[in-house]
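Undergrad: Residue numbers (the working numbering), protein chains in the order written: chain A, 1 to 175; chain B, 1 to 133.
To be clear, the hints were calculated from the coordinates, so they are not data collected in a lab. Cβ atoms here follow ideal geometry from the backbone N, Cα and C, with glycine treated the same way. Some hints here could point you the wrong way.
[To be verified] With beta-carbon atoms standing in for the labels, derived distance ranges:
id	chain 1	residue 1	chain 2	residue 2	range
1	B	Val95	A	Ser40	51 to 57 angstroms
2	B	Ala108	A	Ser114	43 to 49 angstroms
3	A	Thr36	B	Ile39	27 to 33 angstroms
4	B	Gln42	A	Arg43	34 to 40 angstroms
[To be verified] To give an idea of the chain A side of the interface with chain B (calculated C-beta under 8 angstroms), a few residues:
id	residue
5	Val16
6	Leu33
7	Leu34
8	Ala47
9	Lys54
10	Ala55
11	Leu58
12	Ser96
13	Phe99
14	Leu134
15	Ile145
16	Ile156
17	Arg158
18	Ala160
19	Lys164
20	Ile166
[Stated by the list, open to error] Only part of the chain A face toward chain B is listed, based on derived beta-carbon distances under 10 angstroms:
id	residue
21	Val32
22	Leu57
23	Val65
24	Asn137
25	Pro139
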Amino acid sequence: MEMSRSGKRIRGQVLVADAMLASIFLAMAFFVLLGTIDESMVRAGNADREISRKASLLAASDSLVLSSGQPRDWNEIQVINETNVKSLGFASSPSSLSFEKLQRFAQANSTNYSILKSVMGLAESDAWVEVDFLENNSPAYEFGIRPGENSTAGVIERLAVLGKSIVVLRIEAGQ
Amino acid sequence: MKGFVLTMDAVVALGLVLAVLGLLLPLASPNNADALDEIAVQRYTSDLLAVLQKSGRVESALAGNESAITSAFIYSGQGKCFLFTARRMPSGEIVSALSKGGCGSVRANAATAVSNEFYNGSVYEVQLAGWLA
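Chain B with its partners taken away, still in its complex shape (with noise of 0.2 angstroms):
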């Protein structure tokens, strides 16, 4: 009878740390797939206002054009959401603010690109986060 139950207690014990093992296995090898799909995200972000820079869309929006940045929103397709920032500088004062329609708030882990752009004899900085929906 002793012997049962020492038994018993042995493949408990193994269960159990089979068990712990099971847990423990998936969050020992870190997830680089997911840091390479958020550089993926960083890249596109940086893209996206370098080509609105470039095509001339940044200075169209501080000419009153909204639908400049916010048509490349729309077509960057689903799944993206972005808020493009623009300040006057040296005061800081956010002269444009414009989003992409049904993303809600900017995500803690945003991708965030910053460049200047030089419009009617001011400067203004101009920033552009980029998340995963």
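One chain only, chain A, in its complex shape (with noise of 0.2 angstroms):
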């Protein structure tokens, strides 16, 4: 009778025990599972906004280079709105950038800055748009802010003529 009821209880701590440390095992499993979830779903947020950022600098850069922009007009307009000014472009045909088009963008640089960005489609970030001759690497015009040294931005080049020379077009974007 002494040796059965001494038995049983070990059996009890014996499945207490297995109890517990199964407990152990499954809360840290469970928290290994939150922080790889939470892991994805930060690199998963970081995948979206490269993205994003690339595919607006993308639209970007062949609205400026390879249209006239919306209305075709628009450098002769004085005051720049979203309203009037529907898309940017810098080319007279595509590939061939207009000088006229080019003055007038760097001009509006120091107040239509914000306004100009969000019509290129760079509102929620920081943008710099840069024009260099290809075989010297000199600038011809350069708008807005250069995004941080810190901040992940992302850039795009691409080629145009500018008169008889070839040019540079380099449109940085980022936070």
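Two chains, two separate frames, one set of hints: put the complex together.
TA: So this is what it looks like as structure tokens:
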């Protein structure tokens, strides 16, 4: 009778210890899983932002290099805002840039930075647009605010002709 | 003892499931950022062929001044590789093939831009392949 009671007690203790050990492992597995999910969410968020930034840069560069903008004579409008300029373009014909449009864009830098950035589809980040001559890398036109060195900036480069020279149009956007 | 064995078994199984999940999660989401990088290379390659034609450099190359093309390759910066080919049509004879130094052969996933150039009474098909080194 004594032996049987002691045997049952030992079996009970083993079961309790087993349950406790299982709970500890379960809790550990749960926290590891939570951590993995959290990390995946952060990674997915960063990837989404990177994709969104690259897609915006691609669309903005297409518009600037290949189109004249909407309206085509946006550079002659005195006060540029989001209702009278739908899109910006520097081209007189695809891949040929217009001096007048580039000049107007550079002039508007100090007063219309936010509006022009928004029209380019880059409203949510700092934006920097630079036109350099290909062969000596000297800047012809500059616009905007260059994203900080520590920011996660995206960059796109496009080529076009300005007069008889080949120029590189570089757009940087980031926060 | 039987309980411990079952618990250990369950823990090992859970560990394996987590390891498999960890390996599969990055593969499950396609990397669209890389696809956009490929589109950017495609755009740059198309731009380069367009500006080489518009600036008269393709015509110069067909006239024998190949540096008109190769100098533009050099100034395009490090990491970008190009191969320019011009074929006289309709024979398809290659009259010019110029590549950027140090790039090796064309990658299988290279972006390609094709256009026609009229020079000296003949039609040439000009092609530019571009890829990242």
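Undergrad: Each hint needs a verdict: does it hold in this structure or not?
TA: Hints versus structure:
| no. | hint | result |
| --- | --- | --- |
| 1 | B:Val95 to A:Ser40: 51 to 57 angstroms | 54 angstroms, holds |
| 2 | B:Ala108 to A:Ser114: 43 to 49 angstroms | 44 angstroms, holds |
| 3 | A:Thr36 to B:Ile39: 27 to 33 angstroms | 32 angstroms, holds |
| 4 | B:Gln42 to A:Arg43: 34 to 40 angstroms | 27 angstroms, violated |
| 5 | Val16 | 10 angstroms, violated |
| 6 | Leu33 | 7 angstroms, holds |
| 7 | Leu34 | 11 angstroms, violated |
| 8 | Ala47 | 6 angstroms, holds |
| 9 | Lys54 | 4 angstroms, holds |
| 10 | Ala55 | 6 angstroms, holds |
| 11 | Leu58 | 6 angstroms, holds |
| 12 | Ser96 | 6 angstroms, holds |
| 13 | Phe99 | 15 angstroms, violated |
| 14 | Leu134 | 5 angstroms, holds |
| 15 | Ile145 | 22 angstroms, violated |
| 16 | Ile156 | 6 angstroms, holds |
| 17 | Arg158 | 5 angstroms, holds |
| 18 | Ala160 | 6 angstroms, holds |
| 19 | Lys164 | 6 angstroms, holds |
| 20 | Ile166 | 5 angstroms, holds |
| 21 | Val32 | 6 angstroms, holds |
| 22 | Leu57 | 8 angstroms, holds |
| 23 | Val65 | 7 angstroms, holds |
| 24 | Asn137 | 8 angstroms, holds |
| 25 | Pro139 | 15 angstroms, violated |
Consistency with the previously given hints fails for numbers 4, 5, 7, 13, 15 and 25, ordered from lowest to highest.
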